[in-house]
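Asker: Based on these hints, arrange chain B on the given structure of chain A.
2 protein chains.
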Amino acid sequence: MKKLINNPQDVVRESLEGLALAHPDLVRVSFNPVYVVRRDAPVRGKVGVVSGGGSGHEPMHGGYVGRGMLDAAVPGAVFTSPTPDQIEAATRDADGGAGVLHIIKNYTGDILNFEMAAELCQMQGIDTEAVVINDDVAVENSLYTAGRRGVGATVLAEKICGAAAERGMPLKELAALCRRVNENSRSMGMALTSCTVPAAGKPTFTLGDDEMEMGIGIHGEPGRERMPVEGAREIVARMTEAILADLRLPSGHSAIAVVNGLGGTPLLELYLLYRELQRLLEARGVVIARRLVGNYITSLEMAGCSITLLHADEEALDLWDDPVVTPGLRWGA
Amino acid sequence: MKKLINNPQDVVRESLEGLALAHPDLVRVSFNPVYVVRRDAPVRGKVGVVSGGGSGHEPMHGGYVGRGMLDAAVPGAVFTSPTPDQIEAATRDADGGAGVLHIIKNYTGDILNFEMAAELCQMQGIDTEAVVINDDVAVENSLYTAGRRGVGATVLAEKICGAAAERGMPLKELAALCRRVNENSRSMGMALTSCTVPAAGKPTFTLGDDEMEMGIGIHGEPGRERMPVEGAREIVARMTEAILADLRLPSGHSAIAVVNGLGGTPLLELYLLYRELQRLLEARGVVIARRLVGNYITSLEMAGCSITLLHADEEALDLWDDPVVTPGLRWGA
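Note that the protein sequences, when read in sequence, are chains A and B.
The first sequence begins at 1 in my numbering and counts up one residue at a time.
The second sequence begins at 1001 in my numbering and counts up one residue at a time.
The following block holds chain A by itself, in its conformation from the complex (with noise of 0.2 Å):
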């Protein structure tokens, strides 16, 4: 394994640091327990936004701190939850005294650890509610999951529910346009190699030099078939074909699309298969009215990508428009 780190135990402890140092004007960082915040958390008055789970997803979620998207983040060591009392912790402090939303990725681990949170959470008296998010059409069940994995949703929830909380939207409603978000997006990945996992210390999985894992997990946990690497083409409409067989995008709609590289994916490549999947869908008569085209939900260094896509409405894309000002993503401020 050769890695840009010191120990490998300290490589999240060490990283969160190095995010703290790097971003003072956005984000605090707590170190016992471990969970980023908003440096002007918590805000009085609106709903507190909370996700958490796993490091090496990356700039998720501590990269997406700040005004208009998290309160707060609670990063669990890489690939594993988070534990209740970091949660717990993250939850007080991002309580404006007008509750917290828990924006969760169904996994099995994170959903138990973010209830037990929520109870303590619930007896001091803050209000909680949580959504889980389970975008991932590849597989049913998998690996770490009850049911459909929560990927590339979970960075559309965050933005659009941090918009809505940040103009006053209470909790209950909030709580409700995450579960729309969710309903109306599905995800797809595929991946041309593993990762690494620093304390693992050798790959997750192999490929052979002219193979892809189609539905790949972002924890490299198997996805619905290994085959020969097709091109851009292919690959996006094989993707897209598994999405629309289970989202009605109906011809005349708009879509928010997230082209998602997995960290080891040149954006040079990531264009070229935004280019196929807009050229896809026009075909179909649905517009892209607004899109991500990057690194969002990585797999560490993992080289693959994963389409996302959200049937929109004018609520919708009115929030994603708000200004957002975090390290991992910004604009309009």
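Treat the hints with care, since some could be wrong.
[Unchecked claim] Partial chain A-side listing against chain B, Cβ under 8 Å, derived:
(1) 2
(2) 6
(3) 14
(4) 56
(5) 192
(6) 232
(7) 233
(8) 268
(9) 272
(10) 274
(11) 275
(12) 293
(13) 298
(14) 303
(15) 330
[Unchecked claim] Simulated crosslink set (DMTMM-like; lysine to aspartate or glutamate; CA at most 25 Å straight-line):
(16) 202/A / 1230/B
(17) 2/A / 1230/B
(18) 1046/B / 1318/B
(19) 1002/B / 210/A
(20) 1202/B / 209/A
(21) 202/A / 1209/B
(22) 1002/B / 221/A
(23) 1202/B / 234/A
(24) 2/A / 1209/B
(25) 172/A / 129/A
(26) 1046/B / 1115/B
(27) 1202/B / 210/A
It should be emphasised that the hints constitute simulated quantities derived from the structure, not laboratory data.
By construction, the Cβ of each residue, glycine as well, lies at the ideal position given by its N, Cα and C atoms.
Answerer: Only chain B this time, still in chain A's reference frame:
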């Protein structure tokens, strides 16, 4: 070779088509000849700022086109200089009547072709100035270079001169500012793995499982030394000492720092490297007043990093803070 592409010959064109589709609010792309230009170019009365070079150093240069940075960017094939006719056409399109600044990385082909284009433009009555960036302290001459290579300082020069041009700085003054940014900047890079140029189809070089290349060039050209991999702290110290041996950066002074990924290195590692850099500079009394941590000038999917330091005066810091609205760098608007 496994890449998310259709045909190796079409990679740059198809990727630029994707860039144009993804950012219609920011840029236009010309395809005959190929260049990227600000949506609203030419801006009347403003000096145009134009850069260019081989593709694959992402998001440079096309990703830096927009308000507050470049008026136009001229991408060559992957790791290959753009041609004079491309540069000429981009310069004409970027000229708002106040002349055009060419920011050129020090590679022999780039310099020759920018010179030829400048002559053609001058014959048409367009005033041009050229500044060559040569900030890489790793080697004195290299495979594609007479003198030091131009790397990370290019990003700083494009941002700072883009801001100054936006404020209305005239051409001669802008060229002098660009030379000062270059003179006050130094960089050094290192790699853990090679990248693969699509048209070549195989890795540019090979490194052993426990080896790194210290002083690597952004095309994978050899550096100072091939050596056993060290820890992040030692690697940062090695690069920073090489920079500081050549850049006067006294205690009490300020720097703008770039901790740059070469494409295949996770943010987890880049933020960890930033922590090491800030601690090291703090111990010498140097303040990092502004910074970038992420992929700003890559070598496709190479694993590795570079550090750039600019000894920054008040003018540089003030221009740095101006708004920038490009696909690859965005704040303040």
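Asker: Does the structure keep residue 1002/B and residue 210/A at a Cα separation of 25 Å or less?
Answerer: It holds: about 7 Å lies between the C-alpha atoms, which stays within 25 Å.
Asker: Is residue 2/A close enough to residue 1230/B, meaning Cα to Cα at most 25 Å?
Answerer: holds (9 Å)
Asker: Under 8 Å, Cβ to Cβ, is where residue 56/A needs to be relative to chain B, so tell me if that hint holds or is violated.
Answerer: holds (6 Å)
Asker: Could you check if residue 274/A really has its C-beta closer than 8 Å to a C-beta on chain B?
Answerer: Nearest chain B Cβ about 4 Å off; hint holds.
Asker: Hint residue 330/A vs chain B: min CB-CB distance below 8 Å?
Answerer: holds (6 Å)
Asker: Holds or violated: the hint that residue 298/A contacts chain B, with Cβ atoms closer than 8 Å.
Answerer: holds (7 Å)
Asker: Can you verify the interface hint for residue 293/A: is its Cβ closer than 8 Å to any Cβ in chain B?
Answerer: holds (5 Å)
Asker: Quick check on the hint: residue 275/A CB to chain B CB, less than 8 Å?
Answerer: holds (4 Å)
Asker: Quick one, are residue 1046/B and residue 1115/B close enough, alpha carbons at most 25 Å?
Answerer: Judged against 25 Å, a Cα distance of about 22 Å means the pair holds.
Asker: Holds or violated: are the alpha carbons of residue 1046/B and residue 1318/B at most 25 Å from each other?
Answerer: Holds, at roughly 19 Å.
Asker: Are the Cα positions of residue 2/A and residue 1209/B separated by 25 Å at most?
Answerer: Holds: residue 2/A and residue 1209/B sit about 7 Å apart, inside 25 Å.
Asker: Is it true that the CA of residue 1002/B sits at most 25 Å from the CA of residue 221/A?
Answerer: holds (20 Å)
When held up to the earlier numbered hints, the structure conflicts with none and fits them all.
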